[in-house]
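Generate the whole structure from the sequences, applying the supplied hints.
Protein sequence lines correspond, in order, to chains A and B.
Under the UniProt record's numbering, the letters of the first sequence match residues 1 to 608, in that order.
Under the UniProt record's numbering, the letters of the second sequence match residues 1 to 608, in that order.
Just so you know, these hints were derived from the structure itself, not from any lab.
None of these values were measured; they are calculated from a predicted model.
Some hints here could point you the wrong way.
Identical copies look the same in the list; a pair holds intra-copy or inter-copy alike.
As the list claims (entries may be wrong) - Once the Cα atoms are required to be at most 27 Å apart in a straight line, the calculated BS3-like pairs of lysine-lysine come out as: (1) Lys542 - Lys573; (2) Lys572 - Lys542; (3) Lys542 - Lys521; (4) Lys451 - Lys462; (5) Lys542 - Lys462; (6) Lys451 - Lys572; (7) Lys88 - Lys393.
Number of protein chains: 2
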Amino acid sequence: MKIKHFLFGRPLSTEALQEERMPKWMALPILSSDALSSVAYGTESILIALVAYGTAARWFSLPVSLVILILLFTLIISYRQVINGYPKGGGAYAVAKENFNPLMALIACAALLVDYTLTVAVSATAGVAAITSAFPNLIPWNVELSVLGVLIVAFINMRGVREAGTVFAFPTYFFIFNIFALLLAGLYQVVVHGIPSTSIPMPAHIPQGVTLYVLLRAFSSGCSALTGVEAISNATPVFRDPTVKNAKTTLLYLGILLFVMFMGITILANLYGVAPSPTGNPTVLSQIASNLFGYSWMYYSTQISTALVLFLATNTAFAGFPLLAAIVAQDGYMPRQFSTRGDRLSLNVGIMVLSLMSILLIIGFDAVTDSLVPLYAIGVFLSFTIAQLGMVKKWRMEKPSGWKSKVFINGLGAIMSFSVVIISLVEKFSAGAWTIAIIIPILVWMMFSIKRHYVSVANQLKMDIDHPLHLKSTLMIVPVGGINQVVRNSIEYALESSPPEQIIAFHVSIDKDEDEKFRGKWQTWNPGIRLETFYSRYRSIKNPLLRFIDQVQRRVDGKYEITVVLPIFITKKTWHRMLHNQAAYFIERALLNREDIIIVKVPFHLKS
Amino acid sequence: MKIKHFLFGRPLSTEALQEERMPKWMALPILSSDALSSVAYGTESILIALVAYGTAARWFSLPVSLVILILLFTLIISYRQVINGYPKGGGAYAVAKENFNPLMALIACAALLVDYTLTVAVSATAGVAAITSAFPNLIPWNVELSVLGVLIVAFINMRGVREAGTVFAFPTYFFIFNIFALLLAGLYQVVVHGIPSTSIPMPAHIPQGVTLYVLLRAFSSGCSALTGVEAISNATPVFRDPTVKNAKTTLLYLGILLFVMFMGITILANLYGVAPSPTGNPTVLSQIASNLFGYSWMYYSTQISTALVLFLATNTAFAGFPLLAAIVAQDGYMPRQFSTRGDRLSLNVGIMVLSLMSILLIIGFDAVTDSLVPLYAIGVFLSFTIAQLGMVKKWRMEKPSGWKSKVFINGLGAIMSFSVVIISLVEKFSAGAWTIAIIIPILVWMMFSIKRHYVSVANQLKMDIDHPLHLKSTLMIVPVGGINQVVRNSIEYALESSPPEQIIAFHVSIDKDEDEKFRGKWQTWNPGIRLETFYSRYRSIKNPLLRFIDQVQRRVDGKYEITVVLPIFITKKTWHRMLHNQAAYFIERALLNREDIIIVKVPFHLKS
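Given below as structure tokens:
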């Protein structure tokens, strides 16, 4: 227990669970690390889809990014309306639950859980890639470093991170600073030295192979950069008053930052003709930074800030997944343990499940960000779609002033989000998206099954208060293995609770001679209780005992409460347990599966 | 249960456990597969020790083998005397137990257990090497095939193999037949075509590097071929009358067979100048066979019979290890479970432990026989030494007619065996023998610890029959999580066993409002029992309950028997269990660690 307290801190009382209100300058970095950090791999994802078709094809990253950024602004406007509609916060699950049947809400929930898991895996591997781009001799430890990163973030979250707010604002600003420095350096180069010779000009005609299909694939890959834009609207209540206004302003700032950073990086990649490395190392961002800064301290600063902000994004998922799981668990669609808060008020089951799943993904995909990206975005945009649809339904029901334009905006958001889902599914089906298409329905089905079970249990446990208590006389069966202190304690307990004529001692011998011998010893001791013995030719103690209990149960036919008193002994040291056959344990397990049998365990504690 | 019976057969009654008496022709192959099969790797082990010093060095395999065979005859004569002394059988453990203190017996036991484990690992890998020498495309599956082989033999032994006696005689005769065919083919070649040009002649002077140290290493490696010669004397009672005479004759036959086969293979290896392959594949025996038979059916027959007899040797260890463990367990020096016979009368714990340990060895040593051999032989010869010393002591105590020559023979056996132990330890210390030098003392220490524990438990459990039963009144504590059917059942049980004023219901709420609410509901129900409630700010249910129990226990100060009645519910499907927090389970575990608390489990079975 001392070790636990040392590692995780002292337990916190429930009263300590209060939301801390934040000013805009602090909420922005904390809530948008996920969205902003995606620019670290967004441009690279687009370039990977184009790289096979020659240098000229890479120019198309510019128009593709532009389309993605148009989509971004549609989403920003839509989500500003979500803030209006749900000032108390509410992700896709809450919106869908209020406006649709549970099916819709659970689809949103499954999509989000999958997405949070992928956020952890993608961000952790991309964060490690930022580090190994700068320090290539760490490349062989990609997987280990990514897993270690996840474990550290999980550990911090299990300790409970509430107090660390200001600390967490720092990496995002550090990252923003570095990216803007990069963009300014690029601007300076162009202004002073002109367009670099490496720059890819707009091709005169579309290069061979660059079909609409290819461009759509590049688009759907790049959409991974938009994940996380919903975070601010989900967390509206953390803003200081005027809450809604502050949240909306912050969301707009996020949109502008994301636009400038993403577009800027794509333009720089084009100016320096950067091609993504087949191994994903060094990253596109690292190549740009080394072109502009050389291997100066500014380069290392860029790489380290990238890694930091990506691990902060991981942390965002570690806040989101357990909280969503807890809410859904309270609604009865996930195992109840997800809603239990640990000593430090953290939702440990959710944290552990998320760590486990994302670590499996990291190991399974060998910590290669680019192979994880095809799975990504589908879940996010599916939840976007459902949230926007929910808003459309809400406006049409409530009909507030100007509801028609509100319906139009959210409807547009829904259509565009759903288009991304469809494009991603089609374009990347064989690259891994099919797994998502299977996992989400399975999760939804599981959640319904869980709910069904909980409802059924509640019905079975329901008790009629007016029904009077029904007391029976107890009949006690005491399996006795020998005549010793443990057995004496058990017999004493039986005699304390029942009259002697309602107690039967039962002995199984696996040796013919022993049977007679035991009867003799019992007679000598004579505790005043009837003894039944059985010679087991098949050497099993459990089976004859169970058969005997069955017989007794049939004979008394519900008129007596049947209780089995198990003498057990508890060893002093754990390894001693291996030295005793666990007969009592197996008997207990078998008895628990039989109806209407009460089990009494009379422990005897060995002193050494 | 049906699957279990299908795989392992129906349970057998204890009466079926009888020794079957065997004629010599059947006992020989069954008891000596271990010894005879060692010729498959014995010569190779010697050659490996010499191969680094040039072709001429390999000639020394001839004198080294001759020395080993002299040792063999000393052992055969010594063990014929063991048969005389222990006509009821008795391995090194039994002999040492009768003639020395337990320490000696336990050293012999530990040595034998280690040796049996190595026999399985060495024989299985050598058996697979015989197969992969003939079918090289199986080489990548060396480890998997060896493990599979061990699992199959383990499975057969768990089914109980008694009835398969005659079947088991076949592979040994098949192997003997093939080796003799090989020797005759070699003889024919020499007689008809003269000494082959590949033959290594006796070198005129000792080649550089071939020191006494090297020759001793070759000798100690070759001694692995002598493992298993003790098997016949251990199993004397299985022979038909006249038991002693038959056993002694069979042992002599074994000695002659082993001599001819081992020496013959070494001579053939020399005639064909065979060098061991660095990877251990193809084996020396396979090289000889392919030289003489070409890749004809006789070659494949030789390889297959070698593999079969080696797996039969594995089977010998699977008979020996569990039986020895069972005997030692009955003496209290090993966990009792080793002496429990399963449904099929097989000693399953021993079989499983042996499989596990040998599989770990196979995996750890990558299924390379030659790297396992340095660990081998030390254990065997240590047990030989102890057995022979025991015989010396026995003759000196009993002084039968001719006891002086008997003492001389067994004394010589002891000295020679002990020399092999020392030579092997010194020569192969760094090659792995050090592990054996560590493991055997650790095993002995563990066995003494186990015995100490059993003696201590027996003393603690001892009961004074004349001491009258001491009955107390029970005080029942019922933790109640809500008002439902499970709780009702528990309260009913409590009321059936104790008067209402001796029952306390205890409720922990993790929510301040809930506390009051629960008290109200309880009042409405009014089961006539006192309710205590507690608001847990740290959300733990277990800790407040345990503290409450401690308080009660302190207050009643041993005047009442304290019983905790745990309402539990049993889910219908196993996966449902994951949907409920296992609070009752953790409470029970904590209670079992507290003294003087009786635990009652009142199960409620969910129907769906």
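Results for each hint:
1. For a Cα distance limit of 27 Å, the shortest separation of Lys542 from Lys573 qualifies both inside one copy, at 26 Å, and across copies, at 23 Å.
2. Taking the shortest alpha-carbon separations for Lys572 and Lys542, both the intra-copy value of 25 Å and the inter-copy value of 22 Å come in at or below 27 Å.
3. Taking the shortest Cα distances, Lys542 and Lys521 sit within 27 Å of each other inside one copy (22 Å), while across copies they are farther apart (42 Å).
4. Proximity of Lys451 to Lys462 under the C-alpha cut-off of 27 Å is restricted to the intra-copy arrangement: shortest distance 17 Å within a copy versus 53 Å between copies.
5. In this assembly of identical chains, the alpha carbons of Lys542 and Lys462 lie at most 27 Å apart only when taken from different copies (24 Å versus 34 Å within one copy).
6. Taking CA atoms no more than 27 Å apart as the test, Lys451 paired with Lys572 passes between copies only; the shortest distance there is 15 Å, against 43 Å inside one copy.
7. Taking the shortest Cα distances, Lys88 and Lys393 sit within 27 Å of each other inside one copy (18 Å), while across copies they are farther apart (91 Å).
Figure legend: structure checked against the earlier numbered hints; every hint is met.
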